[in-house]
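Produce the entire structure from the sequences given, and follow the hints as far as they go.
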Amino acid sequence: MPRGTRILLDKVCYHIINRGNQKQNLFLEESDFEKYLQLLKHYKKKYTFKLFGYCLMPNHIHLILQPKQSEKLIKFMQGITQTYSIWFNKKYKKVGRLWQGRFKSMVVQKDNYFLECIYYIETNPVRANLVLSPLNYLWSSYRDRVLGNKGNLLDLPDST
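Just so you know, we're using the numbering used here here: the sequence shown kicks off at 1017 and counts up by one.
Treat the hints as calculated values from the structure; they're not laboratory data. None of these values were measured; they are calculated from a predicted model. Misleading hints may appear alongside valid ones.
Cross-link-like lysine-lysine pairs, in silico, DSSO-like; alpha carbons within 27 Å at most [claimed, not checked]:
| # | residue 1 | residue 2 |
| --- | --- | --- |
| 1 | Lys1039 | Lys1126 |
| 2 | Lys1027 | Lys1088 |
| 3 | Lys1106 | Lys1039 |
| 4 | Lys1027 | Lys1066 |
| 5 | Lys1126 | Lys1084 |
| 6 | Lys1110 | Lys1066 |
| 7 | Lys1084 | Lys1110 |
| 8 | Lys1062 | Lys1051 |
| 9 | Lys1110 | Lys1126 |
Across the chosen pairs, the derived CB separations fall in these ranges [claimed, not checked]:
| # | residue 1 | residue 2 | range |
| --- | --- | --- | --- |
| 10 | Leu1131 | Lys1084 | 20 to 26 Å |
| 11 | Asp1160 | Lys1120 | 33 to 39 Å |
| 12 | Pro1173 | Lys1061 | 18 to 24 Å |
| 13 | Arg1118 | Leu1163 | 15 to 21 Å |
| 14 | Gln1040 | Gly1167 | 38 to 44 Å |
| 15 | Asn1128 | Leu1053 | 16 to 22 Å |
Built from N, CA and C at the ideal position, the CB exists for glycine as well.
Here it is as structure tokens:
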């Protein structure tokens, strides 16, 4: 059965979720998380989008972003997942699919739910018993957003 067409809207935020194939871990070492964040920064610049929150869990990722042009969302996700997969498979001498399938994308209105969604993804490591506080998790946007670290990765929400 063919996949349905993905409907994309301009000037909206998306909550993106992508999982490891068969629930396998996507990140095995700290350098894997660092590589993904490096790629995220690269593709953010290449495809011009705003990133409002992220969390890299061992076997899945969450992103809250707003592409400048909606059709670039697919190119961004293809680029980052393909590049990371090639890098990961080469590093660990693996073959085959790293990602479960197509990424999931849900529209997030810029209202109270927008802030709740950011908080939800940033506290995911606490709910998964990886850390006691989101401040202790290095692979989410929580520390940067709360402590005001400027890494050219996060954007502040505006009225657009």
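Here's how the hints hold up against the structure:
1. Lys1039 x Lys1126: Violated, because 31 Å separates the two Cα atoms, which is more than 27 Å.
2. Lys1027 x Lys1088: 12 Å, holds
3. Lys1106 x Lys1039: 20 Å, holds
4. Lys1027 x Lys1066: 11 Å, holds
5. Lys1126 x Lys1084: Between Lys1126 and Lys1084 the Cα gap is close to 15 Å, so the pair holds against 27 Å.
6. Lys1110 x Lys1066: Distance of about 33 Å is beyond 27 Å: violated.
7. Lys1084 x Lys1110: It is violated: about 35 Å lies between the C-alpha atoms, which goes past 27 Å.
8. Lys1062 x Lys1051: With a Cα-Cα distance of about 16 Å, the restraint between Lys1062 and Lys1051 holds, given a limit of 27 Å.
9. Lys1110 x Lys1126: Violated, at about 40 Å.
10. Leu1131 x Lys1084: 20 to 26 Å: Given about 22 Å between the Cβ atoms, the range holds.
11. Asp1160 x Lys1120: 33 to 39 Å: Once the Cβ atoms are compared, 24 Å apart, the range 33 to 39 Å for Lys1120 and Asp1160 is violated.
12. Pro1173 x Lys1061: 18 to 24 Å: Given a distance of about 19 Å, which is inside 18 to 24 Å, the answer is holds.
13. Arg1118 x Leu1163: 15 to 21 Å: 34 Å, violated
14. Gln1040 x Gly1167: 38 to 44 Å: Violated, at about 28 Å.
15. Asn1128 x Leu1053: 16 to 22 Å: Between Asn1128 and Leu1053, where Cβ atoms are some 28 Å apart, the hint is violated.
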